[in-house]
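We have chain R already, so just place chains F, U and E on it with the hints.
Residue numbers (our numbering), protein chains in the order written: chain R, 1 to 298; chain F, 1 to 298; chain U, 1 to 298; chain E, 1 to 298.
Check the hints yourself; a few may be wrong.
[To be verified] Below, computed lysine-lysine pairings styled on DSBU-like, alpha-carbon distance capped at 30 Å:
hint: 1; chain 1: U; residue 1: 153; chain 2: E; residue 2: 32
hint: 2; chain 1: F; residue 1: 153; chain 2: U; residue 2: 32
hint: 3; chain 1: R; residue 1: 32; chain 2: E; residue 2: 153
hint: 4; chain 1: F; residue 1: 16; chain 2: F; residue 2: 32
hint: 5; chain 1: R; residue 1: 153; chain 2: E; residue 2: 153
hint: 6; chain 1: E; residue 1: 16; chain 2: E; residue 2: 32
hint: 7; chain 1: E; residue 1: 32; chain 2: E; residue 2: 153
hint: 8; chain 1: R; residue 1: 16; chain 2: R; residue 2: 32
hint: 9; chain 1: R; residue 1: 153; chain 2: R; residue 2: 16
hint: 10; chain 1: F; residue 1: 16; chain 2: F; residue 2: 153
hint: 11; chain 1: U; residue 1: 16; chain 2: U; residue 2: 153
hint: 12; chain 1: U; residue 1: 16; chain 2: U; residue 2: 32
hint: 13; chain 1: U; residue 1: 16; chain 2: F; residue 2: 153
hint: 14; chain 1: R; residue 1: 153; chain 2: F; residue 2: 153
hint: 15; chain 1: R; residue 1: 153; chain 2: F; residue 2: 32
hint: 16; chain 1: U; residue 1: 153; chain 2: E; residue 2: 16
[Said to hold, decoys possible] Output of the computed footprint for chain E on chain R, the stretches with three or more beta carbons under 8 Å from beta carbons of chain E:
hint: 17; stretch: 148-159
hint: 18; stretch: 198-210
I should point out that these hints are in silico values taken from the structure, not numbers from a laboratory. Owing to the predicted nature of the structure, the values given are computational and were not obtained by experimental measurement. Quick reminder that beta carbons are idealized off the backbone N, C-alpha and C, glycines included.
Number of protein chains: 4
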Amino acid sequence: MATSLKQPKVPEAAWKQRIYIIIFEAETPAGKAFDVALLAVIVLSIVVVALESVASIESHFSLILRVLEWVLTFFFTVEYVLRLLCVRRPLRYALSFFGIVDLLSILPSYLGLFISGAGSLLVIRTLRLLRMFRVLKLAQFMVEAQTLVSALKSSRSKIAVFMTAVMTMVVIAGTLMYLIESEAESGFTSIPRAMYWAIVTMTTVGYGDIAPRTAFGQFVAALLMIAGYAIIAVPTGIVSAELVSASKASAVSTRHCPHCTTEGHDPSARYCYRCGERLVADEAEEGPTTSRAGGPQG
Amino acid sequence: MATSLKQPKVPEAAWKQRIYIIIFEAETPAGKAFDVALLAVIVLSIVVVALESVASIESHFSLILRVLEWVLTFFFTVEYVLRLLCVRRPLRYALSFFGIVDLLSILPSYLGLFISGAGSLLVIRTLRLLRMFRVLKLAQFMVEAQTLVSALKSSRSKIAVFMTAVMTMVVIAGTLMYLIESEAESGFTSIPRAMYWAIVTMTTVGYGDIAPRTAFGQFVAALLMIAGYAIIAVPTGIVSAELVSASKASAVSTRHCPHCTTEGHDPSARYCYRCGERLVADEAEEGPTTSRAGGPQG
Amino acid sequence: MATSLKQPKVPEAAWKQRIYIIIFEAETPAGKAFDVALLAVIVLSIVVVALESVASIESHFSLILRVLEWVLTFFFTVEYVLRLLCVRRPLRYALSFFGIVDLLSILPSYLGLFISGAGSLLVIRTLRLLRMFRVLKLAQFMVEAQTLVSALKSSRSKIAVFMTAVMTMVVIAGTLMYLIESEAESGFTSIPRAMYWAIVTMTTVGYGDIAPRTAFGQFVAALLMIAGYAIIAVPTGIVSAELVSASKASAVSTRHCPHCTTEGHDPSARYCYRCGERLVADEAEEGPTTSRAGGPQG
Amino acid sequence: MATSLKQPKVPEAAWKQRIYIIIFEAETPAGKAFDVALLAVIVLSIVVVALESVASIESHFSLILRVLEWVLTFFFTVEYVLRLLCVRRPLRYALSFFGIVDLLSILPSYLGLFISGAGSLLVIRTLRLLRMFRVLKLAQFMVEAQTLVSALKSSRSKIAVFMTAVMTMVVIAGTLMYLIESEAESGFTSIPRAMYWAIVTMTTVGYGDIAPRTAFGQFVAALLMIAGYAIIAVPTGIVSAELVSASKASAVSTRHCPHCTTEGHDPSARYCYRCGERLVADEAEEGPTTSRAGGPQG
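Chain R on its own, in the form it takes in the complex (with noise of 0.2 Å):
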C-alpha cells in the first residue's frame, strides 16, 4: 500500500509528506527510529496487558497499571489519527488488516469507560505485534527472511502432500482409537477428541491428559508414535534439501558476465551461458586460461 500511496510525488501540505516519511517509510533514518521506538512501545504495551492478566500482580500495582494503559492508549490514538491524516486515502488505511488492528488494539479502553468488562478486548493489542515483521524489513534480516520464505514457498506442495498424509493418518487412528478406547476411562470421549489426542501424539508434543489405557489401545499408539517419529524426518528432510540447493545458488551468484551482466555462473564456467562471451577469470586463473583460450574453439 505505501508503495503505490508513494509514486505520485505530488508536493501536497509539506508536513503531512514529512509525517507520512516518518510513519510509513522504513528506510529513512527517522522512519527507522519511528519504527524500533512503536515496536518498543507495543512491546511495552503486551507486558501491560500480560501483567494485567496475572491476580497478584494487578491487585498490587492497579494503578500503575491502568495508568500505563492510558497513557498508551493516548499514544495509539494520536498515531492512528496521524495514520490517517497523512495517508492519501485515509479509508484505504482503515479497512487494511493494520488500520483494524490499529484501531481494535485503541477502542476497548474508550469502551471500557462505557461497558464493563470491555478491557478483556485490550488483548487485541498482542495483534500489533505483528508489525515486528515491518521492523525486520529493514535490516539486513530482508535476505535471509527471504531465504526461508522462499524455501518453504518452493517446497510448498511437498508440504501439502505430506499434510495430507498426515491428516488423513490423524482422522484414522483417532476413530480407531475412539472404537477400542470408548470403554476405558482414559478421555477418549468423542471422534474429535480422538483426533486430538492423534494431532498431540504425532506431533510427539504428548501431553498425557488423553492417554490410552487398554493393551490394544497402548500398541495401536505405539505404531502411530514410531510413524510420527519416522515422519517427522519428511518435513525437515524437505526443507533441508531446499535450503541446500538455495545457498548453493547463492554461493554461485558473484561472478557475472562482462557482455550481459548475467550473475550466476559456476565457479568453474568459461563462458556466459546467456551469451556465450569469454567471462572474466578470477586473477588467479588469468594467466593459464588465457594461455589456452584458444583450445577449444579454435
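For chains F, U and E alone, coordinates are given in the frame of chain R:
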C-alpha cells in the same frame, strides 16, 4: 485396475462408457469435478460421524445428523451401484480394497434398521478418506508425491536397519525398566507395558502416564532419552540426504552441449559454459535467442 | 571370531565342520536358514517372557507358557552345547559376550527348579535379540548399515562436542531449577532429580511428573526448552551433512580408470586423478570428446 | 586473557612462570594434565553437591560428604591463590568471569562457618563446569567445535528471523488461549502462564500440567502443534544446509592444478582431472607419485 479396463475401447452402451470416464478417470474435467465433489462428500460424512460421537451435539442435533446420515448413505449407495454398473468386471471391483471399503461405508446404516448398535460401524466411513490420494493424483502434486515416495523408498533399507536398532533398544530398555521399576508403583506392571513406555519415551512423546520413580530407573530413562535424542537425527538425515540428491538430479541432468557434451546446464542457459557453443533451446526461448546467436561466435 | 577359526580348514570330524558352518556362518543357504530360524525362536522366547509378566495372561495360560518355556530352554540348551562342540576353542566362545548371553538365557529355567524366583532372570533372554544384528549381516542391509555407522563415526567428535555442551546445560539448568523450585512442591526434591527433569525437558520428552510451578521456574524452563529446540537441530544437521557427503561419494563411484582401476571419478573428469591416464568417456561423450582431446595437452 | 599475558615473555620469578604455564596453558603436557585433573575434581565437587541435596544420602553419609566438601574447598582455595599469584594482573583475573566463579565456588564453605544456610550457595560450583570448554580446546575437538560454532554463527540472522516468528506466534497463541480457556479450570490462569504453555507446546515438550479442556481450545492447540511440527523443520534445515556447505568447503577447496588452475581436486588426487597435468602432491605422497609421473604425459 482402471487402466487395464480402459484399453479395449469397445463402444459398449454409451452411457456406461460416459459414467465410467466420469467416475474412474481423473484427467477429464468431468472426472476431476466428480473426484473433488466426492471428496467433499466424504469429508462431510466424516464430520457427521465425528459429531455424532460427541454426546452433547448428538443429543441436540439428533434429527439433523440422522437426516444427513441417510442422505449421505443414499448418495454413497447410488455411487456404489453406478460403479458396479459401469465397470467391465464388477466382481473384481467389488472385491478390491476400495470396493470393500465403499460397501462397508453404506452397510452399517441399513444394518442399523434391523440390529441396534450396528450404526457404530459407520466409523468405517473414515477409511474412504483414503480416496483423497486419488484426488492428489489429479494435480501438480503428483510429481512432488513421487519425489517424496521415491526418497522414502530408496532409503528403505537404511530405515529398516535403523528400525531394527530402535526396536532392539525398545525391547532391552523395556525389559530392564520392568525389572527396575516393577516394585515401585510407577506403572511398569508388565514387560509389554514397559516396552510401550520405551516407545513413548524414545519417540519423545512422553505422556507421563508411566514414568520412572526410582533413582536408578530415572537414570536408565535419562540414558534412553539421550540415545533417542541422538537417534532422531538418523531418519531425518537419511531423508534429507535423499531429497538433496533427488533435487540435485532433477535440477541439472537434462541438458547437454551438442558440441562438447558437457552436462549440467542451468535450465535458463543458452550457451555451453565450457565451450561457448549454442545449446539447443527450449521452444519458448527459440526466437530471441536466435537473433543474438551470431554475436559471440562470429 | 568365526573368521579367525575358519581359515585353517583342517578336515576335522566332518560333522563338526558341517555344524560349524551351519551355526556360525551366515553366507551359506543352510547358515542363513539357521540364523533366520534362530531369530524367530529368540523373538518367540521374548514374547513368552513378555506374556509371563502380564498378570492376567499368566493366570489363564500358565500351563502353555510353562511348556513353551521348557521347549525353548531345551532348544537353546541343544544349540549351546552344539556351539561348544563344533567350535575350535570352546572356552573362548563360552567367555565371549554372546557365549555368556547364551548361557544366561538357559540357566534361569534350570535354577528355577531349585531356587524359587530365579525364573524372573529369564528376562536376560531379551539380550539374545542382539543376535538380530548377525542376521542383518546376511543381506543387502550390510552396506546400508555401514553407511549409517560410518556417518555416525565420522561425526563422532562433533557429537562429543555437542554432548558436552548439552550435559553442561543439563547440570547448570538442573542446579538452578533445584534452587528456584525446591520450596514449591513441584518434584524438584534434589539436584539429581532436577537434572533428570532437565534431560526430560531438553530432549522434548516432557513427562510432566516434574514440572515447574513458580513463575520464575517456568521462565527458566521456557528458556531451556527454546535452547533445546534450537539445539535439536545440531545432531540432525551433523548426520544430514555426513549422509549427504556419503551419498555424493557413492554417486560418483561408477567410473573407473582403465589404467590403474581407481574408482570414484567425478562425472566431468577427463583424466584419472591417480595416474593421469585419460578416462574412457561414456558412449554419448565419446565422439566429440576425442576430437578435442589434443587441445589442453598439445 | 592468557594469550595477552603470555606475549611479553619477561623471565620473571621462574616458579611463577612455571605455575602459570601449568595452570593457564593447555598445550604443554603438564598443562594438559592439570586441566584434565582439574576437570575431574570439578566433576567430583558437583557430584558431592548433588548428593548433598538428596535427603536420604545426606542423612546417611553426612560425615563423608562434609569431609569431601572441605578437601575440595581446600584444593580450590589453593588453586585460586596460585592463579592470583602467577598471573601478571591479579585484579584483572579476579574480576574476570572465571575469576568470580572460582571465588564464588569456595566462599560458601567459609561463609557456612559463620552464617547457617550459606552452604546452599555451594551449587554455584556447578558453574565451574564451564571450564570443561577449556579442556575441549586441548584436543582434536577444537576443529569440530569451530565448525559447529561457525555453522551456528553464519545462520545467526536466519535463526533470528525464525525466533521472531516463533515468539510472535507464542504471544498471539498464548493470548488467544487465555481468552478461550480462562473460564475452564485448565491452568490458563494468566497470559504469561498461557505463553509458557505455548512454548511448552511448540517445542513439543508437552508436560500436560496445563492443557486445553474446551473443544475450541483443543482445536487451537492442535493448529499450534501442527505449526510447531512444520516449524521444527526450519532450524534443522538451516543448520543442515550450513554444515553441508561447510563440509563441502573444507573437503575440496584447497588444491588447484598448477597448469589449468582447475579447483576442487580430491585430497587423494595426483593428477588434474581436467588436463591430466600432475598436481603438487602432499609430502607423504611425494615419493611414489614421482616414480610414475612420466607415464601418461610422455
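Now the hints, each set against the structure:
{"no.": "1", "hint": "U/153 / E/32", "verdict": "25 Å, holds"}
{"no.": "2", "hint": "F/153 / U/32", "verdict": "25 Å, holds"}
{"no.": "3", "hint": "R/32 / E/153", "verdict": "26 Å, holds"}
{"no.": "4", "hint": "F/16 / F/32", "verdict": "18 Å, holds"}
{"no.": "5", "hint": "R/153 / E/153", "verdict": "25 Å, holds"}
{"no.": "6", "hint": "E/16 / E/32", "verdict": "18 Å, holds"}
{"no.": "7", "hint": "E/32 / E/153", "verdict": "29 Å, holds"}
{"no.": "8", "hint": "R/16 / R/32", "verdict": "18 Å, holds"}
{"no.": "9", "hint": "R/153 / R/16", "verdict": "38 Å, violated"}
{"no.": "10", "hint": "F/16 / F/153", "verdict": "38 Å, violated"}
{"no.": "11", "hint": "U/16 / U/153", "verdict": "38 Å, violated"}
{"no.": "12", "hint": "U/16 / U/32", "verdict": "18 Å, holds"}
{"no.": "13", "hint": "U/16 / F/153", "verdict": "43 Å, violated"}
{"no.": "14", "hint": "R/153 / F/153", "verdict": "25 Å, holds"}
{"no.": "15", "hint": "R/153 / F/32", "verdict": "25 Å, holds"}
{"no.": "16", "hint": "U/153 / E/16", "verdict": "43 Å, violated"}
{"no.": "17", "hint": "148-159", "verdict": "holds (count 4)"}
{"no.": "18", "hint": "198-210", "verdict": "holds (count 10)"}
Violated hints, listed in ascending order, are 9, 10, 11, 13, 16; each of the other numbered hints is respected by the structure.
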